[in-house]
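**Q** Here is how the chains run, residue by residue.
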Amino acid sequence: MAVIWRRPEVYIFITGLVMGLSWLGYFFEPPLITEWVGLFQTWATGIAQFALALGFLSADIVKQILASVEAPLGGAPMDWFNFLWTSLGFVLITSYFTFTKEHTGWYFYPTKIGRYILMLGLGVYFGNTVQFRMAMLGGRVQYLLQVFKIIPWP
Amino acid sequence: MGAFLIAGTANTHQLPFIVATSDYVLIGEELYAAAAYIFREPLQVASIAGEDWMKFILIAITLIGLLLESVGIKYISDLLRW
Numbered sequence: 155m156a157v158i159w160r161r162p163e164v165y166i167f168i169t170g171l172v173m174g175l176s177w178l179g180y181f182f183e184p185p186l187i188t189e190w191v192g193l194f195q196t197w198a199t200g201i202a203q204f205a206l207a208l209g210f211l212s213a214d215i216v217k218q219i220l221a222s223v224e225a226p227l228g229g230a231p232m233d234w235f236n237f238l239w240t241s242l243g244f245v246l247i248t249s250y251f252t253f254t255k256e257h258t259g260w261y262f263y264p265t266k267i268g269r270y271i272l273m274l275g276l277g278v279y280f281g282n283t284v285q286f287r288m289a290m291l292g293g294r295v296q297y298l299l300q301v302f303k304i305i306p307w308p
Numbered sequence: 643m644g645a646f647l648i649a650g651t652a653n654t655h656q657l658p659f660i661v662a663t664s665d666y667v668l669i670g671e672e673l674y675a676a677a678a679y680i681f682r683e684p685l686q687v688a689s690i691a692g693e694d695w696m697k698f699i700l701i702a703i704t705l706i707g708l709l710l711e712s713v714g715i716k717y718i719s720d721l722l723r724w
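Residue numbers (my numbering), protein chains in the order written: chain V, 155 to 308; chain X, 643 to 724.
One or more hints might be untrue.
Covered stretches of chain X, as calculated for chain V (at least 3 residues, CB under 8 Å) [claimed, not checked]: (1) 646-659; (2) 680-686; (3) 696-707; (4) 712-719.
Everything labelled a hint here was simulated from the structure, so no lab data went into it.
Cβ atoms here follow ideal geometry from the backbone N, Cα and C, with glycine treated the same way.
Generate coordinates for the entire structure from the input sequences, incorporating the hints supplied.
**A** Right, here's the structure in full:
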């Protein structure tokens, strides 16, 4: 039993359990301790929001920027092409999605190129889906033709 | 019919199909920007403006990082690994 208390995940579990149980105060309003429960709920929600914000910052922003700026030093020319394509593509497409600065003057060109890169990506996505569905249709048609003995089974 | 179709979505999986089938498309965040532009609600406009500032900062970090990393200086990537 004593070994369990040496494991850090137990304390994370208990903290989560207490945070969850504290919400019972929201529904049942236990007498005398209501104010303390309310305070704990505020604290628990704050901690949870902070953890969520940190997770979002790390996963959706920092790691993506990191992946965009890490150069393939010593890599093949194709690696450099991929690196520049994704990094500059990210910058140009993001510039297209800025709305408070008008897309005129010098800012016209990056936003325009960003839109073209975006359309290229969307076209690739669309084409890929169509190709995949055509391949599936081909398989179905082949199967039916074999069932009706129009073409031989392999 | 002569009618034209305006469509918009923030769902990246549906976006290519909407682009292929519509005359005018609101791509992702443009949908929210359009709402803020039409209604001029301070909360929506402030949200768009705040996101724009964040985007400008991220663009600057990426461009600086891109230039430095290309010449072998790993300052930005080390900073982002905190």
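**Q** Of all the hints numbered above, which does this structure not satisfy? Sort the numbers upward.
**A** Violated hint (a single one): 2; every other hint is consistent with the structure.
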